[in-house]
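Q: Starting from the structure of chain G, add chain X where the hints point.
Number of protein chains: 2
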Amino acid sequence: MINNLMSDIKWDDRGLVTVVVQDYQSGKVLMVAWANEEAIIKSFEGGRACFWSRSRRALWLKGETSGHYQLIKDIYLDCDGDSLVFKVEQVGNIACHTGRNTCFYKRLDVDKDQWINNESVIKDEKDIYGKHG
Amino acid sequence: MINNLMSDIKWDDRGLVTVVVQDYQSGKVLMVAWANEEAIIKSFEGGRACFWSRSRRALWLKGETSGHYQLIKDIYLDCDGDSLVFKVEQVGNIACHTGRNTCFYKRLDVDKDQWINNESVIKDEKDIYGKHG
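Top line first, the protein sequences correspond to chains G and X.
When we follow numbering that gives the first Met the number 0, the leftmost residue of the first sequence carries the number 0, and every step to the right adds one.
When we follow numbering that gives the first Met the number 0, the leftmost residue of the second sequence carries the number 0, and every step to the right adds one.
For reference, chain G alone in the conformation it holds in the complex:
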């Protein structure tokens, strides 16, 4: 069944698509990640967001270590097929490894010439992943 859906996705030269993760209730953009074919199939079939970690070069089921899974409510594909939006319920309300709701916590303040921290830490990083990271 899922093959028809997959054929509309355009993979880049690394075999990846861009995924924007958005909170399905607040509408907040939580993170941007990348996914290969295996990660997309796992996301579509399992209902939890799964990506490809470019740094670790491995499949990355978001929340597997922290428990902060992203339960997929809706999936959208864009006009040219190379980007997806996952609308999710963010377990624990924490998407960022820094313990914040969103990875996009730095807000531009042009007058002050700096990025202002716009989100508080809900849970300390060491309490999410353990003291040894």
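In case anyone wonders, no lab produced these hints; they're calculated from the structure.
Keep in mind the model is a prediction, meaning the values are calculated, not measured.
Treat the hints with caution; some may be incorrect.
Claimed, not checked - In silico DSBU-like pairs for lysine-lysine, Cα to Cα no more than 35 Å straight-line:
#1 Lys72(G) to Lys111(X)
#2 Lys72(X) to Lys111(X)
#3 Lys86(G) to Lys122(X)
#4 Lys72(X) to Lys9(G)
#5 Lys86(X) to Lys27(X)
#6 Lys86(G) to Lys86(X)
#7 Lys72(G) to Lys86(X)
#8 Lys9(X) to Lys111(G)
#9 Lys86(X) to Lys122(G)
#10 Lys86(G) to Lys125(X)
#11 Lys86(G) to Lys27(G)
#12 Lys27(X) to Lys72(G)
#13 Lys9(G) to Lys125(X)
#14 Lys41(X) to Lys86(X)
#15 Lys86(G) to Lys125(G)
A: Same frame as chain G, now just chain X:
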């Protein structure tokens, strides 16, 4: 002034960052694009979203042809510095070259095994760009 801000951005091996464009009122994700250093400076200084077109290999002031500029209200940077969110006022309410509000107009319907068109066309493509594209 802008140099401090730029130093926090991490460019990929193509010299690009990912930009998620979001409607500042509806919260809808309108599109995903890429920007190089010049495009980001132009966006920050001019207040209208500017990108790097990977297909045309050229600077791309969004709306220059169509008039559908994106007026930047807020800019956010993510934890690892390689993705930005532009919150914008979308002139004409049309972000997509197909004449729709958003490029993410295909919604996944797993049961039907297809992408369902979720957004109506506000303006025909030929009326946006002219009959010769």
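Q: Against the structure shown, which of the earlier numbered hints fail to hold, in ascending order?
A: Hint 2 is the one this structure does not satisfy, whereas the remaining hints hold.
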